[in-house]
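Colleague: Single-letter residue listing:
Protein chains: 2
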Amino acid sequence: MVIEDKLQELKEQINKIVPSGITISDVEFEGPELVIYTDDPKQFADQADLIKVLARDLRKRIVVRPNILEDPERAAQEIRTVVPENAGISDLFFDPETGEVLIEAEKPGVVIGKNGVTLREITKQIGWTPKVVRTPPIESSTVKQIRTFLRSVKDERKAFLRKIGHRIHRETTSKDQWLRVTTLGCCREVGRAAFLISTPESKVLVDCGEKPGNTANGTPYIYVPEIYPLDSLDAVVLTHAHLDHCALVPLLFKYGYEGPVYSTPPTRDLSAMLQLDYLDVVRKETDKIPYTSNEVKTYIKHSITLNYGSVTDIAPDIKLTFHNAGHILGSAIAHFHIGEGLYNIAFTGDFNYQKTRLFSPAVSSFPRLEALFMESTYGGSNDIQPQRRDAEERLYEAVSTTLKRGGKVIIPAFAVGRSQEVMLALEEGIRKKKIPPVKIYLDGMIREATAIHTTYPEYLNNDLRNQIFREGLNPFLADAFVQVDSPDLREQVISGEPCVIITTSGMLSGGPVMEYLKALGPDERNMLIFVGYQADGTLGRRIQKGWREIPLGWRETIVINLEIATTDGFSGHSDRKQLMNYVAHLQPRPEKIFTIHGDENKTIDLASSIYKRYRIETHSPMNLETYRMI
Amino acid sequence: MVIEDKLQELKEQINKIVPSGITISDVEFEGPELVIYTDDPKQFADQADLIKVLARDLRKRIVVRPNILEDPERAAQEIRTVVPENAGISDLFFDPETGEVLIEAEKPGVVIGKNGVTLREITKQIGWTPKVVRTPPIESSTVKQIRTFLRSVKDERKAFLRKIGHRIHRETTSKDQWLRVTTLGCCREVGRAAFLISTPESKVLVDCGEKPGNTANGTPYIYVPEIYPLDSLDAVVLTHAHLDHCALVPLLFKYGYEGPVYSTPPTRDLSAMLQLDYLDVVRKETDKIPYTSNEVKTYIKHSITLNYGSVTDIAPDIKLTFHNAGHILGSAIAHFHIGEGLYNIAFTGDFNYQKTRLFSPAVSSFPRLEALFMESTYGGSNDIQPQRRDAEERLYEAVSTTLKRGGKVIIPAFAVGRSQEVMLALEEGIRKKKIPPVKIYLDGMIREATAIHTTYPEYLNNDLRNQIFREGLNPFLADAFVQVDSPDLREQVISGEPCVIITTSGMLSGGPVMEYLKALGPDERNMLIFVGYQADGTLGRRIQKGWREIPLGWRETIVINLEIATTDGFSGHSDRKQLMNYVAHLQPRPEKIFTIHGDENKTIDLASSIYKRYRIETHSPMNLETYRMI
Ligand SMILES: [Zn+2]
Ligand SMILES: [Zn+2]
Ligand SMILES: [Zn+2]
Ligand SMILES: [Zn+2]
Ligand SMILES: [Zn+2]
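Sequence order for the protein chains is V and G.
So the first sequence is numbered by UniProt numbering: it starts at 1 and just counts up by one.
So the second sequence is numbered by UniProt numbering: it starts at 1 and just counts up by one.
If you are wondering where the hints come from, they were derived from the structure by calculation, not from laboratory data.
Incorrect hints may have been included.
[Said to hold, decoys possible] As a list, the in silico SDA-like pairs of lysine to any residue whose alpha-carbon atoms are at most 20 Å apart:
1) Lys-175/V / Thr-172/G
2) Lys-175/V / Met-622/G
3) Lys-319/G / Thr-172/G
Work out the full structure: start from the sequences and follow the hints.
Modeller: Structure (structure tokens):
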């Protein structure tokens with residue numbers, strides 16, 4: 001059926017379902033959603049179940065939008081008039097895409113009013129649907145910039161969503177039935193994740209990352225004919241914001257991609273932040289930068305965010321659902337349902353099957369699952385990591401020892417993930433008196449990354465959310481944490497009292513950590529604590545191996561007299577035991593498992609162990625292969 | 001290096017090697033060959049080893065061509081003047097591509113003269129290089145037409161060969177190194193053979209066949225992005241002329257392919273003949289014909305023939321060598337050498353590892369071999385065929401029995417392959433008095449196919465060649481054989497004496513065999529002998545199963561009272577034992593074997609048996625997969 005006929009038919013169906021008195025003026029596909037335009041948004045809002053009924057009956061994601069949206073400025077005035085001043089409204093964000101206004105307030109309860117009276121009053125006054133959230137305790141400039149940017153391109157974006165909506169719901173013609181996955185990177189290696197799913201109708205790219213530390217051969221095989229022209233792709237899907245999964249998404253737009261990039265909202269924001277940082281780093285190393293901040297903007301303009309659990313059409317025959325992966329903020333297992341019950345395939349991305357201070361363990365049950373592409377970073381039979389609790393005890397010990405002897409602790413860490421885990425561990429250490437009260441300085445992008453974490457509390461685990469909202473105890477706001485935001489303050493930290501410094505980069509390949517190492521390296525009272533994996537060829541690995549004099553430029557040398565410690569166990573990845581456990585707990589049991597995102601021997605070891613233990617067909621694919629699923 | 005510089009450098013190298021006095025006027029890539037143009041073709045011809053030395057030192061296929069070729073008509077006159085009349089020159093074929101004149105004579109010795117004196121005289125008189133062959137005992141109209149056609153397009157063809165020559169020797173840029181094979185058909189099925197070899201530099205398609213008896217889903221997956229656009233292919237390579245391997249080659253030209261099709265010379269001629277016949281058959285069944293005879297001509301115009309054992313550049317990083325496959329006339333195992341010693345991969349096409357009356361067993365040793373794609377038609381563990389000798393004994397018995405009781409024998413057979421084997425068996429049967437002297441009528445394309453066999457005696461095995469040339473006993477010319485070339489004669493055969501009729505089609509899906517069956521079916525003295533596999537759904541299979549009344553159109557019925565016999569063992573394929581034997585004798589032992597061209601259970605059975613017995617990594621691929629070789 002042609003799209004226009006399809007929409008007409010849907011409109012008729014909707015008219016049969018909604019009570020008379022509610023006028024449906026228009027029905028339109030916008031991105032993956034079916035948008036119902038109405039003159040009577042309030043009546044719609046009154047019937048809480050109506051949208052659910054429509055979604056179920058039409059098997060579509062439904063959005064209801066008032067036909068005419070009031071001018072945001074006027075609407076803002078009205079909101080501020082209705083809501084009492086002591087609510088502490090900190091921001092109003094009008095999203096023309098959803099017809100919602102996000103009301104950020106220090107006291108959300110006051111905005112909602114007794115039994116929701118204030119909120120209903122707002123709805124009555126303005127066309128916009130109000131949504132109330134607590135003002136993030138730390139403001140993220142990234143989130144603010146992205147929201148502002150998206151508002152500035154709202155017309156373009158509307159046209160884009162309509163185009164995508166029509167494309168998703170296009171007519172299909174093929175009589176063939178098959179499903180293939182082509183490996184474009186990240187097989188028998190860590191880095192440059194990129195997997196192509198294809199059917200006779202559609203093509204979807206899962207991740208598009210870079211290979212860390214490898215500028216020569218760092219891109220996935222995105223130039224092979226399987227994926228060309230790039231605009232033949234229906235969708236790009238991001239599992240999470242780490243650069244080995246998302247760094248080269250902007251490059252796709254440079255090479256002609258014009259479609260959507262699906263991710264969770266935190267992944268979108270963290271990706272943009274890390275991509276811009278990536279450009280800075282690359283710019284320092286070479287003058288061949290792969291793309292500019294313009295392409296990052298283009299990516300954001302084409303991003304479509306989905307929350308965990310929302311089943312979404314992304315192609316005529318493909319539905320995508322994100323599930324918590326427990327790895328970093330917003331990290332997702334991407335589950336694809338192909339055809340009408342034809343096949344189900346999931347990509348774990350990076351995942352952690354252990355509960356951490358920030359996240360719940362990765363989801364292991366799915367409505368259906370035939371094939372799984374599974375990361376194998378710690379897939380080797382000896383890759384057993386210490387328990388998180390033991391790791392923390394060792395960290396406390398190391399910190400205490402250093403402070404006792406009047407030294408300072410340097411903890412190099414990635415901005416996203418491990419930094420926050422270490423922050424929370426140290427905060428609790430101080431609170432529970434396992435380490436002395438001490439200032440913890442955050443230098444580099446860590447603060448901004450933390451801010452993004454506090455913007456999305458729903459992506460943190462229950463315990464942490466309860467601690468923040470019920471107990472009013474936000475550990476990220478603890479007095480101990482001090483942001484280093486000037487060279488002066490950095491000087492003070494260096495020359496000041498014993499303290500802990502968490503700073504980037506995580507593998508000592510540049511960043512403020514170099515300043516600290518230069519200044520604090522010669523003093524043997526200090527300690528450098530590695531909490532993350534140090535890749536071959538990085539300065540971090542060299543220091544671990546015993547390097548004690550590091551040439552810096554052509555005149556300077558860093559002298560390493562400080563103590564070196566390594567505290568395993570803060571990893572965001574499942575270790576070997578957890579990987580095997582994960583397979584044991586998978587619901588349902590898949591027919592095939594592909595082990596990827598690991599060194600060659602680890603992916604092979606894990607694949608053969610899974611086969612031997614569980615008798616599931618396994619493959620440890622190479623890059624550039626194509627596997628038929630059906 | 002740019003092509004022009006490369007050619008200039010080659011010219012300088014050549015000038016250093018050839019004796020002074022021989023002028024090299026130009027050097028040019030034409031197709032896979034390096035053509036040296038000279039003003040002194042005679043001096044070149046005098047130095048027999050010079051071309052070999054050049055080929056070895058430059059690692060190229062060398063052709064020497066006189067700068068100016070005499071007008072063919074004048075040259076023809078001169079040849080006829082020099083050669084004595086009793087040589088019986090039957091044809092002169094001037095090939096401007098090679099600068100050769102093919103002299104077909106009944107007595108080649110007379111053309112050559114004592115110690116080659118006449119031949120040297122010819123060389124002296126005309127610029128063309130004379131090549132003498134015996135006049136084929138049966139003239140093939142296909143061969144004649146193809147030669148005439150190629151002569152008529154010689155200018156286009158020269159431009160084409162130059163274009164291809166430049167393309168083969170183009171500069172390469174990729175730093176990547178990989179080799180992949182994508183399965184586009186013929187996996188876990190018989191039919192629609194098509195395999196794509198790709199490297200970062202090049203793409204080659206091996207075979208492009210149809211699926212017999214399956215018009216709905218009969219094409220290989222030539223529309224997937226891996227192979228698009230078709231003109232990005234460097235080459236198409238044909239293993240042999242059966243339709244499940246070559247039927248859709250003309251279609252490639254319709255869809256934009258403009259490159260070369262490599263095959264042996266007999267494969268080119270048989271392919272064209274069978275493609276034209278295929279069009280006739282399809283036209284009778286449906287009005288959706290895939291291509292017309294124009295595209296068959298286009299294919300011929302783009303064909304480049306190679307003899308067994310000739311190592312040929314077909315892409316910047318791929319060398320092709322054909323080896324005897326023992327299956328039908330000109331059938332080849334296609335061996336690809338990738339890069340400079342990087343990898344070697346071969347496709348058996350269909351092959352027979354047993355010596356037959358016509359052909360030597362398939363070649364099993366190669367300079368190098370890492371991966372083999374191997375047919376599995378008889379790959380099931382029960383697919384044991386009788387010895388050829390036993391099969392013939394049974395055939396003799398059946399024929400004798402029938403003749404004795406005054407009946408006629410109908411043997412349905414494919415035009416190419418089995419017909420000739422059965423002809424030779426029956427001829428010997430008569431000669432050695434194992435069956436009574438009897439007329440053997442050939443109806444359908446069998447005669448023309450046989451004519452093509454006699455045009456290429458060098459593609460037959462030694463025994464048969466010796467019998468023909470040394471003993472002067474050409475079995476194909478035996479008096480017993482009578483071509484049925486008119487409806488009148490067919491009527492006479494039907495109403496005449498007891499006899500044997502070999503006729504197409506092989507599975508009773510149309511063709512003259514239907515006439516014979518209609519007329520001879522009701523008489524129980526007659527016999528129908530199947531000598532080949534009858535596919536599911538064909539009339540042949542139905543009769544084997546016991547059908548005794550066959551509706552024909554809406555009024556007629558064929559009544560089957562004649563005796564039905566099946567004589568296995570004339571197959572052109574290796575049976576299970578021979579397949580396993582072949583693997584055992586492979587020199588060198590490959591690292592990987594892929595079993596293809598067989599029913600699902602057979603390819604899987606053979607793959608697992610090879611692995612168990614020989615511990616070679618095996619795969620039974622599905623269509624639409626891509627395997628990384630390196
Ligand atoms: Zn990650
Ligand atoms: Zn990763
Ligand atoms: Zn064949
Ligand atoms: Zn075949
Ligand atoms: Zn496999």
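Colleague: Could you run down the list of hints and mark each one as holding or not?
Modeller: Status of the hints after comparison with the structure:
1. Lys-175/V / Thr-172/G: Violated, because 39 Å separates the two Cα atoms, which is more than 20 Å.
2. Lys-175/V / Met-622/G: Distance of about 18 Å is within 20 Å: holds.
3. Lys-319/G / Thr-172/G: holds (15 Å)
Hint compliance for this structure: hint 1 is the single one not met.
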